[in-house]
Amino acid sequence: MDNVISFSKLTLGCLLLAIVIALPSGITAWFDGLPWTGEKETIALTIIIPFLFILAWRFLALRLPILLLGALLILKIVLFLGSPAGGWLVKVYPSANYDSSVLSSFQRHEGDTWVTTYETSWNENASGILRQPWTEKLDFPLDWVLFSNTAACGVSTIPCFNKLNPVIEIEGSVLIPEGKRFSLVAEGVQKGTLSAIHESGESFILTPTKDIKEGSEKQYQLPRSGRWRVSGKLHYGGTEWSLIPLLVEDDGEIETELGRGVLWKSEESLSSAESQIGIYKFISFVIDIGIIVFLILWAAWATRLMIHRQILTLPLVVFSTSAICISIFMAPVFAYMLQRVGLADPTSASYLGISILISGIGYLLWVYWAKDFRNFRADQIVLSVFLLFGPPLLLFFANLWCSILGQWAVWGAGDDWTSYQFFARKIVVEGEWLNAGEGVFIMQPLYRYFVGFYHWLFGQSAFVQHMADVWCVLGATVLLASWAVKLRLSALIILIANTIYLAIILMGTIRYHIGRGLIEHHAMIFMVLAGWFLYGAREGNFLRIVGAGICGVIGYWLRQDHLIVIAMLVFFIIEPTHGATAEVWKAYWSQIWTYWKRGFSYVGIIVSGVFLICFRNWWVGGVFAPAVGPGGPDMPPVYFSTEIDVTDLYMKMKLMLTATHSPTPSFATMVLLPGTFIGFAALIWRPNCLRGFPMAIGCALIGVFLPYVFFSNPGYPGRYSIHLLPLALLSTMIITDYLLKRVSFFEIRVDEE
78 MDNVISFSKL TLGCLLLAIV IALPSGITAW FDGLPWTGEK ETIALTIIIP FLFILAWRFL
138 ALRLPILLLG ALLILKIVLF LGSPAGGWLV KVYPSANYDS SVLSSFQRHE GDTWVTTYET
198 SWNENASGIL RQPWTEKLDF PLDWVLFSNT AACGVSTIPC FNKLNPVIEI EGSVLIPEGK
258 RFSLVAEGVQ KGTLSAIHES GESFILTPTK DIKEGSEKQY QLPRSGRWRV SGKLHYGGTE
318 WSLIPLLVED DGEIETELGR GVLWKSEESL SSAESQIGIY KFISFVIDIG IIVFLILWAA
378 WATRLMIHRQ ILTLPLVVFS TSAICISIFM APVFAYMLQR VGLADPTSAS YLGISILISG
438 IGYLLWVYWA KDFRNFRADQ IVLSVFLLFG PPLLLFFANL WCSILGQWAV WGAGDDWTSY
498 QFFARKIVVE GEWLNAGEGV FIMQPLYRYF VGFYHWLFGQ SAFVQHMADV WCVLGATVLL
558 ASWAVKLRLS ALIILIANTI YLAIILMGTI RYHIGRGLIE HHAMIFMVLA GWFLYGAREG
618 NFLRIVGAGI CGVIGYWLRQ DHLIVIAMLV FFIIEPTHGA TAEVWKAYWS QIWTYWKRGF
678 SYVGIIVSGV FLICFRNWWV GGVFAPAVGP GGPDMPPVYF STEIDVTDLY MKMKLMLTAT
738 HSPTPSFATM VLLPGTFIGF AALIWRPNCL RGFPMAIGCA LIGVFLPYVF FSNPGYPGRY
798 SIHLLPLALL STMIITDYLL KRVSFFEIRV DEE
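Residues in the sequence shown are numbered consecutively from 78, following this note's numbering.
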């Protein structure tokens, strides 16, 4: 009964939190609901809340949090029902002479010529909402700007981006507090003014200024306080754009952050609720403070829980903090050192990789020097890994990308990441939920939906899409630790292996795929999840088979050439196994007949996923097949060949095992090559050190490599090693654990554990 009550309370707590965060409040605030385009709510939703939920999800089932969330929900409903909507409506009209051969096609609003955007999904009469100052060109609603012509624009497309000259139409209301005046900075405006009409009937021509200093001059300011209706069109051009509302004090002091109650969408709704605006502002402030207090209480409860369980220890905090501090304060040193050896890193991710390597080794040395093995117990190590590496990863990349919050990106032309942005717009903005930009899928099917979903919830910025890659890397790290615990590997090996895994991800060619807008990390995490669910599932709840099947289907839809490896993961159901080669193969055959229902259930779910893709392609494009090449159904895929060239096959395998086109092996090769070799060897040769090795790893490795016997793996070095690395690392961990447990130095540690 207690479990049922706890589950019901947890469900209620999660539901209340979701509604409080999601429900639009109308008035501009820190946590003003969907869409989550504000900086603070984006950070909270993509970093803070997921982090706390992983550590202390039980907090949401407690009485006090539920009561607090219930009170906040009541206040949120009051704002939702009563408050007028904040911000100015902005419509973007592309110039009449734009070159359709340069820009990818985009949809205009029905019956008009202004462009629909992700914001239009929430505000049907606008391309964007001006709630905060737009200080750069990329702050404007430009998610329709995707260039497709490399001949005219180059690969970077910057020349074409600089030539944009749209018309920006503004409509809204401004409520000027007593004793203040209002002006508007609009750098980049070639011509145009705004018409302002006071509630008393007085009219004024509001001329935008070129900079903030000029905005302090009275001829550019609305002449009196009160409610004004503002509308007009501004013609933009050049490379530097801005749209910054200003409040000017009588003494000349200028405010660019207008707060909660200045800009409004509709003069009519504002006039009817003007007497309650002060109340609505106060309620919105209480909600913001309440959510912050809730998060602080959650963090305090999680901290207390982790300390009580002896997971959050002082050494772990020190070395986790040192990883992020070293990456920040030593960045100039790392940059100089890497540049001197010809390894300059434009992503700066390698700085974090070096820092994690230093901190991980330092933590291990401390543990052995101080004999402090509290974090090395099997029930502690997974969360210890999460706390040691999670904060540095999340904070480093959040700091790296915080400048793009709210901003569109210049995606370039001719690359896969631009295509996924184009498809995402087709799905969300233009409503092509089934067609998704392609009649028959040529590019990978599902990732475009992920991208569209991120933009639909969080606006045009790619910040959330990038952070999702970071969560995939962190998730794989934690899942590998959990998987290793199931395999009864020592905590020492788990910590060393995860340190190496992150160092490889952050210091080699794979680092370029974090935040690049490609499918790789998303596809990898669902493949790992499927294998994690399946390991030992022969005795577990049947829901694990269903969960593995769902993750497998998602992984296949994200990258279709993973079909074989995802299918081969079915053999993890049989694990663990032990014995010589003949014994294990005999046991495998016996176990297949014993647990065939679970295996067939998993494979059946995967086959259903393949069938759904084929059916969709037939329904939309008339071809019953998972995908076709760029040449159409009558032409073979560009990267497919039934003729096996030995030299070409060697180069493809070498690329996957080294993660680089360079003739010099990379750091990743130290794990990829031996891990793959051991996995294959264990299928046919099982000496004492491999008698407990899961044969399912070798089967999965066959599934990783087999597609590339017939398909090429061109472009973006390292992308095809991302999916191999977890299996190769797991393989290496198993054999290393076996060897180290036979060294007397480590036997002491194992006994103490």
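Keep in mind that the hints are not guaranteed to be accurate.
What the hints assert, rightly or not - Here are the simulated DSSO-like cross-link-like pairs (lysine-lysine), alpha carbons at most 30 Å apart as the crow flies:
no.	residue 1	residue 2
1	Lys290	Lys257
2	Lys117	Lys86
3	Lys563	Lys448
What the hints assert, rightly or not - If you anchor each label on the Cβ, the simulated ranges turn out as follows:
no.	residue 1	residue 2	range
4	Ile761	Ala447	41 to 49 Å
5	Lys268	Ser480	50 to 58 Å
6	Pro740	Leu783	38 to 46 Å
7	Ile331	Trp134	40 to 48 Å
8	Leu152	Glu507	33 to 41 Å
9	Leu420	Glu201	47 to 55 Å
10	Leu111	Gln353	16 to 24 Å
11	Arg135	Glu507	56 to 64 Å
By construction, these hints were calculated from the structure, which means they are not laboratory data.
Values in this document were obtained by computation on a predicted structure and should not be read as measured data.
Glycine is no exception: its CB is placed at the ideal position from the N, C-alpha and C atoms.
Hints, one by one, checked against the model:
A C-alpha spacing of about 16 Å is found between lysine 290 and lysine 257, which places the hinted pair at or below 30 Å, so the restraint holds. With a C-alpha separation of about 27 Å, the suggested pair lysine 117 and lysine 86 falls inside the 30 Å cut-off, and the hint holds. The straight-line distance between the Cα atoms of lysine 563 and lysine 448 is roughly 25 Å, inside the 30 Å bound, and the hint therefore holds. Under the hint 41 to 49 Å, the C-beta atoms of isoleucine 761 and alanine 447, about 44 Å apart, fit the expected range.
Evaluation of the 50 to 58 Å hint for lysine 268 and serine 480 yields a failure: the beta carbon distance comes to about 31 Å. The supplied range of 38 to 46 Å is broken by proline 740 and leucine 783, whose beta-carbon atoms lie about 26 Å from each other. A beta carbon spacing of about 46 Å between isoleucine 331 and tryptophan 134 agrees with the range 40 to 48 Å that was offered as a hint. For leucine 152 and glutamate 507, the Cβ-Cβ distance of about 36 Å falls inside the hinted range of 33 to 41 Å, so the restraint holds.
In this structure the hint that leucine 420 and glutamate 201 lie 47 to 55 Å apart at CB holds, the actual value being about 50 Å. Roughly 23 Å separates the CB atoms of leucine 111 and glutamine 353, a value that falls within the hinted 16 to 24 Å. A beta carbon spacing of about 43 Å between arginine 135 and glutamate 507 contradicts the range 56 to 64 Å that was offered as a hint.
Hint violations for this structure: numbers 5, 6, 11, all remaining hints satisfied.
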